[in-house]
Amino acid sequence: MQLTSFLLLTGALGAVAHPSAHAHRRFHRRDDPTDLPHVKAVHHLPIPAESKASLSPSPSPAAPQPDLSAASNRHSNSPAPAAPSGGDGAFVQFCPLGGSASANSKAKRVTYDQIMYVGELGTGNGCPWNSNMMLINANQVDKYKYVQEYKNVANEKYQVRCANKMGADGKLTGQFEVPGQNQLVFDLQPGESKYVASMGNTQVACAFAPGTVPKTSHGQFAGNWLEADFENSSNGGWSGADCSSLVAQAYGMHVPGCRVCEPASDRECSTILEGGIGTNAYTIGMEALDGIGLNLPPGKVFLLVEVGFH
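If you count by mature numbering (1 follows the signal peptide of the UniProt record, and there is no 0), then the sequence shown holds residues -17 to -1, 1 to 293, one letter each, in order.
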């Protein structure tokens, strides 16, 4: 089946929507304190390993070709360079050109508007795709509103690949290997932590695995995923996060451990053990479920992501 058809099929199953249907009812105010938004992160279905039929009779390329004007080599396929200058803990812009909000920061009013929601892509002021996230130093953390700490708790090196849900081509290709579409890639030695700051209204997926993140036969990165949705403008500024092993499990690939928590609160963490057993996380068979993971009210978010959790 052609890739575009697969992406539409996964959307039809409701597996890519960031806020749940419950969240869209947030304006119907009630006195019930449980009537709070649920924010599902950028969780989406993997491209199936095999297919019996195509949704379209016409052939197409095996992988989408993005508009390379939105991409650059700022984030290469090699480990990312050190965090930007700011050793004194000063704030650093997301992009030398300003890192302002992307012109694409809006919801597309299409059939699957939740699925195809386009948040921040980092392309404001001519900045390259994926400029809305970057590595920062530990002493810069308090200068940014949305930060993830990636800590390697395993005894071997891990690679992490972070990208927007939406690719440079405006399709759901952020976690695919697509020519000219470059992700934020970095390595973690055992016990090492690195920090990623994101702009508001960003929907991000970070795939990680020991050594190098493996790819499926369709060029989608597997391993385990940290999915996060920061200050979703279509959902009242709520945020969400979860661990997801759907891609790896769909292909029978290795599932490393993952745990994401919000240390500042007592909310239940999202956890997947090595092999694919999860709690409050997306594992095989949960593709169509909603509201899984951390649901975070508007405000500053700091997430601790334990890579290789066991």
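It is worth saying that the hints were derived from the structure and are not from the lab. Treat the hints with care, as some may be off.
Unchecked claim - Here are the in silico distance ranges between beta carbons for each label pair: (1) E139 with I260: 19 to 25 Å; (2) D249 with G174: 23 to 29 Å; (3) H293 with A121: 22 to 28 Å; (4) S216 with K140: 33 to 39 Å; (5) D125 with G268: 15 to 21 Å; (6) F74 with Q172: 41 to 47 Å.
Just so it is clear, the structure is predicted and the values come from calculations on it, not from any experiment. All residues carry an ideal CB built from backbone N, CA and C; glycine is no exception.
Each hint tested on the structure:
no. : hint                       : result
1   : E139 with I260: 19 to 25 Å : 20 Å, holds
2   : D249 with G174: 23 to 29 Å : 26 Å, holds
3   : H293 with A121: 22 to 28 Å : 24 Å, holds
4   : S216 with K140: 33 to 39 Å : 37 Å, holds
5   : D125 with G268: 15 to 21 Å : 40 Å, violated
6   : F74 with Q172: 41 to 47 Å  : 27 Å, violated
Of the numbered hints stated above, those contradicted by the structure are hints 5 and 6, listed in ascending order.
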